[in-house]
Structure formats: C-alpha cells, structure tokens
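Build out the structure end to end from the sequences listed, making use of the hints.
What follows is each chain in one-letter form.
Number of protein chains: 2
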Amino acid sequence: MGKKAVILLSGGLDSATVLAHAAHDNYECFALSFDYGQRHRCELDCAGKIAAAFSVRQHVIAKIDLRLWGGSALTDDKIAVPDGNNCPTIPQTYVPARNLIFLAFATAWAETLECRDLFLGVNSVDYSGYPDCRKEFLESFAETARRGTRAVDEGWKFEIHAPLQNKSKAEIIRMGTALGVDYAMTTSCYNPDAEGRSCGKCASCTLRKAGFAEAGVPDPTTYSDQEK
Amino acid sequence: MGKKAVILLSGGLDSATVLAHAAHDNYECFALSFDYGQRHRCELDCAGKIAAAFSVRQHVIAKIDLRLWGGSALTDDKIAVPDGNNCPTIPQTYVPARNLIFLAFATAWAETLECRDLFLGVNSVDYSGYPDCRKEFLESFAETARRGTRAVDEGWKFEIHAPLQNKSKAEIIRMGTALGVDYAMTTSCYNPDAEGRSCGKCASCTLRKAGFAEAGVPDPTTYSDQEK
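From first to last, the protein sequence lines stand for chains A and B.
Positions in the first sequence are counted from 1; adding 107 to them yields my numbering.
Positions in the second sequence are counted from 1; adding 107 to them yields my numbering.
Possibly wrong hints are sitting among the right ones.
Label-pair distances were calculated between CB atoms; the ranges are [unchecked claim]:
1) Y330(A) <-> K242(B): 48 to 56 Å
2) D332(B) <-> D184(A): 32 to 40 Å
3) S331(B) <-> T196(A): 30 to 38 Å
4) A159(A) <-> D152(B): 56 to 64 Å
5) D184(A) <-> I168(B): 30 to 38 Å
6) K156(A) <-> D332(B): 49 to 57 Å
7) D260(A) <-> I186(B): 39 to 47 Å
8) A320(B) <-> D260(A): 24 to 32 Å
9) I197(B) <-> D289(A): 37 to 45 Å
10) S162(A) <-> D332(B): 44 to 52 Å
11) D142(B) <-> E243(A): 42 to 50 Å
12) S162(B) <-> Y330(A): 27 to 35 Å
13) H131(A) <-> R164(B): 45 to 53 Å
14) T196(A) <-> S162(B): 47 to 55 Å
According to the in silico footprint, chain B covers these stretches of chain A (three or more CB under 8 Å from chain B) [stated by the list, open to error]:
15) 204-210
16) 215-225
17) 236-250
18) 266-280
Simulated crosslink set (BS3-like; lysine-lysine; CA at most 25 Å straight-line) [said to hold, decoys possible]:
19) K111(B) <-> K185(A)
20) K264(A) <-> K242(B)
21) K111(A) <-> K110(B)
22) K264(B) <-> K242(A)
23) K185(A) <-> K156(A)
24) K170(A) <-> K170(B)
25) K242(B) <-> K185(A)
26) K110(B) <-> K242(B)
27) K185(A) <-> K110(A)
28) K170(A) <-> K185(B)
Derived by calculation from the structure, the hints in this document are not laboratory data.
Just so you know, even glycine gets a beta-carbon here, dropped at the ideal spot from N, CA and C.
In structure tokens, the structure reads:
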C-alpha cells in the first residue's frame with residue numbers, strides 16, 4: 108500500500124480526475140467532501156459514487172454551514188447564479204474563503220492520519236477569478252499548515268498537490284478519461300434543478316460543455332436546456 | 108461606530124478578555140464560537156453570556172464536527188484529559204489544526220462583512236506546546252488569508268490581533284478585571300462534570316487557579332474538587 112493522501116472531493120469533474128490521479132499513483136486515498144449549504148447539494152451524491160468507484164479507504168462528508176454569512180451565489184438564495192463565464196473580476200459564485208476552510212479541515216484530518224499529502228482539483232486556467240484557486244495561495248497555505256500543526260515540531264511539512272493547476276478543461280477531461288473516470292458520475296452545475304439536472308447555462312456548465320467538445324470526448328451530462 | 112472586528116470567542120477566560128479589549132478599543136464586535144464536539148461544550152453557554160455582556164453586534168455559533176477524526180483528548184472520548192500541566196511536548200489536549208479551522212471560518216465571515224480585523228485569545232506563554240498558538244503561525248495565516256480572498260485583488264490585508272500573546276495568565280486576569288470582565292461568566296476546564304463545574308485538576312484549571320492567585324484577584328470559579 109502506498110502513502111496516505113487526503114483528497115478534497117466535491118463530486119465535480121475536476122476533483123474526480125484528481126482522485127483518479129492519486130489512486131493511479133498508488134496513494135491510499137481518504138476523500139473529504141463538504142455539505143456546506145451549497146445550492147448544488149446533489150454534488151454530494153456524485154462524490155459518494157466517485158469515492159466508491161475508486162475504492163477510497165474512507166469517505167467523510169463534513170457538515171458545515173457557510174450560509175451562516177452567505178456572500179456568494181452558491182450559499183445565499185438572494186444572489187442569483189449568473190449565466191456564462193464573462194466576469195471581469197471575482198465572480199458571484201466565489202464563496203468567501205471556501206478553499207481555506209476546506210484545506211484547514213483536510214489538514215486536521217491529515218494530521219490525525221499521519222498523512223502529509225493533500226490533493227485538490229483547483230485550476231487557475233478556467234478559474235483565474237477565484238483567489239483561492241491560485242498557486243500563490245496554495246504555497247502560502249502549505250507553510251501555514253506546517254507552522255500550525257505538529258509538523259513544525261516534528262520537522263516535516265504538508266505537500267499540497269494541485270495536479271490540474273495549469274491544465275485546460277479539455278486537458279483535464281482527456282487525463283481523466285485515460286485514468287478511467289466515468290464523468291457521468293460527476294456534476295459541475297452551480298444551479299441544478301430539483302432532479303439534479305444541470306442547467307447548461309451557468310459558468311460551470313459552459314466550461315464543461317466546451318471542455319468535452321474540445322477534448323473530442325462525448326459529454327455524458329444531461330442538461331435541462333438541451334434539445335430532446 | 109468603530110471598525111468591525113471578528114472575535115473568536117470560546118467562552119474561556121482568554122477570549123472573554125480579548126472581546127473586552129476589542130470592545131474597549133471601540134470595535135464593532137462580531138463574535139464567533141464553535142460547537143465542534145468538544146468535551147467541554149458548556150463553554151458555549153458561557154460564550155453566549157459574555158457576548159451579551161459586551162453587547163456584540165452579532166454572535167454566531169458555527170456547528171462543525173471535529174469528532175469526525177478525533178485525535179485529541181477534547182474531541183475523542185477514548186483519550187483521557189491528563190491532570191496538570193507538565194507535558195514536555197505537544198499535549199493530548201491539542202486539537203489538530205483547530206485554530207487553523209477557526210481562523211479560516213473567521214476569515215470567511217470577515218470577508219463577507221468587509222472587515223479586516225480578527226481577534227483571538229491565543230497565548231504562547233502558558234500554551235507554548237500548542238503550535239497553533241504561536242506568533243509564527245498567526246503571521247503566516249494572515250498572509251495565506253490575504254492570498255486566498257478578495258483582499259489580494261483589492262490590495263488590502265487581514266490583521267490578526269493576538270493581544271494576549273506574550274502575557275502570563277495573571278497579567279491577562281488583571282487586564283480583564285480592569286476592562287470589566289466578570290470571570291464568573293467564563294469557564295476554562297477541559298473536563299467539566301455534567302453540571303458544568305470545573306474539575307480543578309486539568310492543565311487549564313491548574314493555570315486558571317494559579318493565575319488568579321498570582322494576580323491577587325478572587326477566583327469566582329466553582330471547582331468540583333474544592334473543599335466545602
């Protein structure tokens with residue numbers, strides 16, 4: 108058995124690809140998902156299926172409530188999910204400090220497991236507007252996690268792996284397809300309907316559709332806006 | 108009205124003193140407590156009383172579950188709370204990455220409130236064994252929070268205020284007494300009985316007792332081990 112890894116698993120296309128990557132590299136995988144009050148809560152069902160498909164050692168869904176303060180279209184019903192992906196600044200779908208919170212939990216679990224490797228599916232090609240998806244943030248987080256845990260006294264450090272950091276959506280889809288990811292198990296939509304069907308119009312759906320088209324891979328997603 | 112501040116309020120002696128300090132400095136105070144599965148959950152009742160006594164603008168108790176992985180005497184019933192304060196290394200009451208998680212939530216709330224000032228009652232005199240109570244951790248956290256939020260794009264940064272960092276327990280008690288803190292509202296015990304009475308024996312009770320004695324301030328605490 109390989110080294111342990113804690114993997115942030117949202118149920119989306121990117122984190123499924125990252126889990127496949129870590130499993131392929133022979134890590135013993137511990138998957139961590141968050142029930143945080145997200146509008147697209149159906150992603151947690153997807154996370155469960157993906158975790159099972161890659162036989163993770165343990166899958167934990169941590170319940171936290173980011174609706175306590177909202178501040179994002181994903182956690183505040185008063186803010187609408189915008190269509191498309193044409194935002195010049197930080198998008199309304201940015202959730203304040205979300206990856207900081209998620210990585211803090213991952214660090215706590217990793218420390219308890221005596222695990223030093225954390226994986227997440229951030230990407231700064233398609234999500235350059237999200238500050239918490241950038242390399243500069245991840246580097247600083249790794250140092251903060253080292254200083255705030257027993258790592259600092261024991262002389263080791265956490266490695267934050269972001270294998271999708273510089274890949275386009277099409278490159279991610281090709282990578283995951285080669286690793287055996289069944290993308291029908293994943294969801295990307297920020298604004299799914301009551302049956303969990305993707306809207307086909309939000310920034311995340313737009314990127315997903317374009318990514319499959321560019322990769323030349325059939326898109327297994329059922330969009331609620333598609334022609335029958 | 109002064110600037111906004113988010114204050115981590117545990118219900119203990121230290122964080123009550125920090126809230127009094129921030130209120131005295133004319134900050135508009137937003138208090139954040141955590142129901143995290145702690146053995147000493149009665150501290151949340153104390154936090155509510157302290158928040159009311161200092162008329163905070165809002166008091167949020169965030170429910171998270173650090174028992175998902177345990178790893179500490181405070182969050183795992185299989186690990187006993189040790190007596191006294193004679194631990195040469197990291198104590199068993201250290202909760203993996205707790206302040207990292209707490210500060211991550213405080214950052215999220217602060218970002219939503221457009222607030223740049225976070226306060227917490229960490230102390231590296233009495234708690235030098237806790238990595239997440241040290242200055243080096245807090246400095247690194249502030250930089251990580253800046254890089255992971257809209258602060259980085261907007262050109263500002265978070266200030267992490269730790270006014271008790273270099274004070275002894277006696278100095279903290281004198282400071283809080285001068286600021287009008289009623290320490291009868293606070294609790295420090297790691298292992299209280301079912302009625303919430305302090306054990307008088309754990310490291311935290313030991314420090315509290317000695318602090319009041321050294322400060323020359325009457326200790327208002329009811330200890331379950333005290334002579335009647």
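Structure-based check of all given hints:
Range check, Y330(A) to K242(B): about 52 Å between beta-carbon atoms, so the 48 to 56 Å window is met. At roughly 51 Å, the beta-carbon separation of D332(B) and D184(A) lies outside the given 32 to 40 Å, and the hint is violated. Taking the beta carbon of each, S331(B) and T196(A) are about 56 Å apart, not inside 30 to 38 Å as hinted. Against the hinted window of 56 to 64 Å, the Cβ-Cβ separation of A159(A) and D152(B) comes to about 41 Å, which falls outside the hint.
For D184(A) and I168(B), the Cβ-Cβ distance of about 22 Å falls outside the hinted range of 30 to 38 Å, so the restraint is violated. Between K156(A) and D332(B) the beta carbon distance is about 53 Å. The supplied range of 49 to 57 Å therefore holds. Restraint check, D260(A) to I186(B): a C-beta distance of roughly 19 Å breaks the suggested window 39 to 47 Å. Taking 24 to 32 Å as the suggested C-beta distance range, the pair A320(B) and D260(A) conforms, at roughly 30 Å.
As the Cβ distance of I197(B) to D289(A) is approximately 43 Å, the hint placing it in 37 to 45 Å holds. A hinted range of 44 to 52 Å for the beta carbons of S162(A) and D332(B) is consistent with their spacing of about 50 Å. A hinted range of 42 to 50 Å is violated for the C-beta pair D142(B) and E243(A), which are about 33 Å apart. Checked against the hint of 27 to 35 Å, the C-beta distance between S162(B) and Y330(A) comes to roughly 51 Å, which is inconsistent with it.
In this structure the hint that H131(A) and R164(B) lie 45 to 53 Å apart at CB holds, the actual value being about 50 Å. Separated by about 36 Å at the C-beta atoms, T196(A) and S162(B) break the suggested range of 47 to 55 Å. With a cut-off of 8 Å between beta carbons, the segment 204-210 of chain A has 6 residues touching chain B; three or more are needed, and the interface restraint holds. Using a Cβ-Cβ cut-off of 8 Å, 5 residues of the segment 215-225 of chain A lie near chain B, which meets the minimum of three, so the contact claim holds.
With 8 residues bearing a CB less than 8 Å from a CB of chain B, the segment 236-250 of chain A meets the requirement of three and the coverage assertion stands. Coverage of the segment 266-280 of chain A by chain B is violated. Counting CB-CB distances below 8 Å, 0 residues qualify, and the rule asks for three or more. Distance restraint check for K111(B) and K185(A): the Cα-Cα separation of roughly 23 Å lies within the 25 Å cut-off, and the hinted pair is therefore satisfied. Among the hinted pairs, K264(A) with K242(B) is consistent with the structure: their alpha-carbon atoms are about 18 Å apart, no more than 25 Å.
Between K111(A) and K110(B) the CA atoms are separated by roughly 44 Å; this puts the pair beyond 25 Å, and the hint is violated. At roughly 18 Å between alpha-carbon atoms, K264(B) and K242(A) fall within 25 Å of each other, so this suggested pair holds. Between K185(A) and K156(A), the direct Cα distance comes to roughly 31 Å. Violation of the 25 Å bound is thereby established for this hinted pair. With a CA separation close to 8 Å, the supplied pair K170(A) and K170(B) stays within the 25 Å bound.
A distance of roughly 39 Å separates the Cα atoms of K242(B) and K185(A); the hinted pair therefore is violated under the 25 Å criterion. Between K110(B) and K242(B) the CA atoms are separated by roughly 24 Å; this keeps the pair inside 25 Å, and the hint holds. Only pairs whose Cα atoms come within 25 Å are accepted, and K185(A) paired with K110(A) is rejected, the gap being roughly 44 Å. For the given pair, K170(A) sits about 23 Å from K185(B) by alpha-carbon distance, which is consistent with the 25 Å threshold.
Of the numbered hints listed earlier, those contradicted by the structure are 2, 3, 4, 5, 7, 11, 12, 14, 18, 21, 23, 25 and 27.
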